[in-house]
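Colleague: Okay, so the sequence shown: first residue is 1 according to the UniProt record's numbering, each after it adds one.
In case anyone wonders, no lab produced these hints; they're calculated from the structure. Just so you know, even glycine gets a beta-carbon here, dropped at the ideal spot from N, CA and C. Hints may be right or wrong, so weigh each one.
[What the hints assert, rightly or not] The following label-pair restraints were derived from C-beta to C-beta distances: (1) K78 - M53: 28 to 38 angstroms; (2) K85 - G30: 13 to 23 angstroms; (3) G30 - G56: 11 to 21 angstroms.
[Unchecked claim] For lysine-lysine, the following BS3-like pairs were computed, each having C-alpha atoms within a straight-line distance of at most 27 angstroms: (4) K28 - K55; (5) K85 - K51; (6) K46 - K85; (7) K46 - K28.
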Amino acid sequence: MKKQETAQAEQEAMPKDNTVKGTLRPVKRGNTTAPNLFTKDDAPKKGSRIKFMVKGKTYSAIVAETFEAGGETAISFKGDITVQK
1 MKKQETAQAE QEAMPKDNTV KGTLRPVKRG NTTAPNLFTK DDAPKKGSRI
51 KFMVKGKTYS AIVAETFEAG GETAISFKGD ITVQK
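My request is simple: use the sequences and hints to build the entire structure.
Modeller: Pasting the structure below:
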């Protein structure tokens, strides 16, 4: 059931007000290091597609999970991060 909900979220259009501002930083978990977005904005829902701005460029990705880290919300991503035009 959750896979179906995530698949549906991936296909839904992104709302206009979902652009998050923050910084990308590498986070190591086990043997894997991946970029995570650190933001002061509210945490998006797991499985939702968000847009985020870093250094003047806009990107899009699907939220894998969120967690609190040093007073910020860290957002990890499922799949690729794509540049928006």
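Colleague: Find the hints from earlier in the document that the structure breaks and name them by number, from lowest to highest.
Modeller: 1, 2 and 3
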